[in-house]
Amino acid sequence: MMTAWKTHAEKFINLNFHSYLGLLIRLIIGVTFIYAAWPKIVNPENFAWSISMYEIVPYKYIYLMAIVLPWLEMICGLTLIFGFWTRASSLVMCGMLLIFIAALSIVIINEVEMTGCGCFTQQGAQALEEHKDTIGYSLLVRDILMLIGGGYVWLFDHGRIGVDGLLRRYKNA
Amino acid sequence: MKNKKITINIMIKELGYSVLKAFGIFFFSLLVAFGFNHVYSNGIPLIRKTPFEVSTDCPEVLGELPEITLDKLPRGSQKVVYMDARMADEFVRGHIQGAFFMPMYPVDNPNLKPLKKLEKGTWIIVYGSKKVQNAQRLISLLMNEQIRGVHILKGGFKVWKDSGRKVEKHPLEYKDLNWIKENFADILFVDIREPDSRENKISESINFPHDKLLAPEKKVLTALKNTSKKHLIVVTENGDESENIKKLQWNAAELNARGFDNVYIYRGDLKNIIELENK
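So the sequences go chain by chain: U and R. 32 is the number that the working numbering gives to position 34 of the first sequence; each next residue is one higher, with no gaps. Position in the second sequence (from 1) plus 9 gives the number in the working numbering.
Since the hints were made in silico from the structure, they are not lab data. Some hints could be false.
[Said to hold, decoys possible] Calculated pairs, EDC-like style, for lysine to aspartate or glutamate (alpha carbon to alpha carbon, straight line, at most 20 Å): (1) LYS58(R) <-> GLU43(U); (2) LYS170(R) <-> GLU76(R); (3) LYS58(R) <-> GLU53(U); (4) LYS81(R) <-> ASP171(R); (5) LYS14(R) <-> GLU43(U); (6) LYS58(U) <-> GLU76(R); (7) LYS88(R) <-> GLU43(U); (8) LYS227(R) <-> GLU203(R); (9) LYS4(U) <-> GLU23(R); (10) LYS238(R) <-> GLU191(R); (11) LYS81(R) <-> GLU43(U); (12) LYS167(R) <-> ASP80(R); (13) LYS22(R) <-> GLU8(U); (14) LYS210(R) <-> ASP278(R); (15) LYS163(R) <-> GLU43(U); (16) LYS239(R) <-> ASP220(R); (17) LYS169(U) <-> ASP185(R); (18) LYS280(R) <-> GLU252(R); (19) LYS238(R) <-> GLU213(R); (20) LYS9(U) <-> GLU23(R); (21) LYS255(R) <-> ASP220(R); (22) LYS256(R) <-> GLU226(R); (23) LYS255(R) <-> ASP185(R); (24) LYS178(R) <-> ASP270(R); (25) LYS256(R) <-> ASP185(R); (26) LYS210(R) <-> GLU250(R); (27) LYS122(R) <-> GLU154(R); (28) LYS190(R) <-> GLU213(R); (29) LYS88(R) <-> GLU128(R); (30) LYS184(R) <-> ASP195(R); (31) LYS184(R) <-> GLU284(R); (32) LYS239(R) <-> ASP171(R); (33) LYS256(R) <-> ASP220(R).
Just chain U, same shape as in the assembly (with noise of 0.2 Å):
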């Protein structure tokens, strides 16, 4: 019976299928990281002022987050674009889209006024009191179907297609 099912298991992980949709979906989480992680790269002051209106880190660490936040973004971004510890990046992106999904889950709760995420630009950290506006639950769905995409790729994406895969080759050659 367990052998039966770690067979058909086995069988579903080795689908060629997993390396060619877990290829798309890396392509399309890791533009989308490296393009959120460039203007916060370019101006962390900015990016500093959004964190601070999610209203949940302590104003002394908001710096250091907006520092190392956007090249945790860029640098997985770009390992899952190309490939390379394809599982691992996969997974620091998840541990970011969890962080992100609990902060936007807070604001909402907590109806925290803001008028954006300050997830691709730092604009909507800076706006007018009559402006303000409640974050919506798009931004949230959108984090949450990368989450699924992520841990698909951290499941099934055995880095076939990518810098892994050249790697595994050249060893085996």
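Given the structure of chain U, go ahead and fit chain R onto it with the hints provided.
Chain R only, in chain U's frame:
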């Protein structure tokens, strides 16, 4: 080349290794991030010492205003408006292109209505002269009004100008009696004398007395806006006296800064115009 078959055991092993490698990615990112921040000109300190003023209402309580330096001003597609907190004569001599004229009179507060029309997420950069005292007062006022996203430009207009960035000017123009004679029918005269000293006056004139401490009266500005005349000429008695010239320039600048671009100064004596009218 055929790929090696992955068993459940290999997969579990790979997933386990991925956790270790994830730490590797994290520490590598830390290294790159700190290194980049160290060499980057827009780098920030690792620890912030003061709270962000996003949810506070009075910067004077904090004793710190949200200053921004010239190199950190938002660029490109980001929405940004500039508020000029200086007085009219400084504004017309040169200001940041497209800046709002929002003078901080010693007595009156500025009109904040233009701010209410701004789009979401707009940056508001307030600047004053080199000493930026007016700008500090304006930014305190804006923050007390719960307006967010405001920054004060460190060094004021001087650093902007010295950096060679675009400056807009409204030079004041002077007109002589001949020009006035030719265009008399199209001119509304702006008489800047005090109301009780206006014994002789031009019939087509409006009284706009000089007071540096106060903002001009709204009803006078409305009347000037609604006039059908093409030109506004600022006049006073003995317009060639140095003290009166200053007053003329001040009033013309005040109108010019408020969007009246057809304002001119007559430096002669008001009597000449009255004689011209009587002829």
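Evaluated hints:
1. LYS58(R) <-> GLU43(U): Holds. LYS58(R) to GLU43(U) sits at ~14 Å (cutoff 20 Å).
2. LYS170(R) <-> GLU76(R): Holds, because 18 Å separates the two Cα atoms, which is no more than 20 Å.
3. LYS58(R) <-> GLU53(U): holds, 16 Å
4. LYS81(R) <-> ASP171(R): Between LYS81(R) and ASP171(R) the Cα gap is close to 16 Å, so the pair holds against 20 Å.
5. LYS14(R) <-> GLU43(U): Answer violated: LYS14(R) to GLU43(U) is near 49 Å, above 20 Å.
6. LYS58(U) <-> GLU76(R): Cα-Cα ~18 Å, so holds.
7. LYS88(R) <-> GLU43(U): Judged against 20 Å, a Cα distance of about 17 Å means the pair holds.
8. LYS227(R) <-> GLU203(R): Holds. LYS227(R) to GLU203(R) sits at ~17 Å (cutoff 20 Å).
9. LYS4(U) <-> GLU23(R): holds, 17 Å
10. LYS238(R) <-> GLU191(R): Distance ~14 Å between LYS238(R) and GLU191(R) Cα, so the pair holds.
11. LYS81(R) <-> GLU43(U): holds, 9 Å
12. LYS167(R) <-> ASP80(R): holds, 14 Å
13. LYS22(R) <-> GLU8(U): Satisfied, since the Cα-Cα distance of roughly 14 Å is no more than 20 Å.
14. LYS210(R) <-> ASP278(R): holds, 12 Å
15. LYS163(R) <-> GLU43(U): holds, 16 Å
16. LYS239(R) <-> ASP220(R): violated, 25 Å
17. LYS169(U) <-> ASP185(R): Since the Cα atoms of LYS169(U) and ASP185(R) sit roughly 92 Å apart, the hinted pair is violated (cutoff 20 Å).
18. LYS280(R) <-> GLU252(R): Holds, at about 18 Å.
19. LYS238(R) <-> GLU213(R): holds, 10 Å
20. LYS9(U) <-> GLU23(R): holds, 17 Å
21. LYS255(R) <-> ASP220(R): Between LYS255(R) and ASP220(R) the Cα gap is close to 12 Å, so the pair holds against 20 Å.
22. LYS256(R) <-> GLU226(R): Satisfied, since the Cα-Cα distance of roughly 17 Å is no more than 20 Å.
23. LYS255(R) <-> ASP185(R): Within the cut-off at roughly 17 Å; holds.
24. LYS178(R) <-> ASP270(R): Holds, because 11 Å separates the two Cα atoms, which is no more than 20 Å.
25. LYS256(R) <-> ASP185(R): holds, 18 Å
26. LYS210(R) <-> GLU250(R): Measuring from Cα to Cα gives roughly 19 Å; hence the hint holds.
27. LYS122(R) <-> GLU154(R): holds, 12 Å
28. LYS190(R) <-> GLU213(R): holds, 14 Å
29. LYS88(R) <-> GLU128(R): Holds - the C-alpha atoms of GLU128(R) and LYS88(R) are around 8 Å apart, at most 20 Å.
30. LYS184(R) <-> ASP195(R): OK: LYS184(R) and ASP195(R) at ~14 Å, within 20 Å.
31. LYS184(R) <-> GLU284(R): holds, 17 Å
32. LYS239(R) <-> ASP171(R): violated, 36 Å
33. LYS256(R) <-> ASP220(R): holds, 9 Å
The earlier numbered hints that this structure contradicts are 5, 16, 17, 32.
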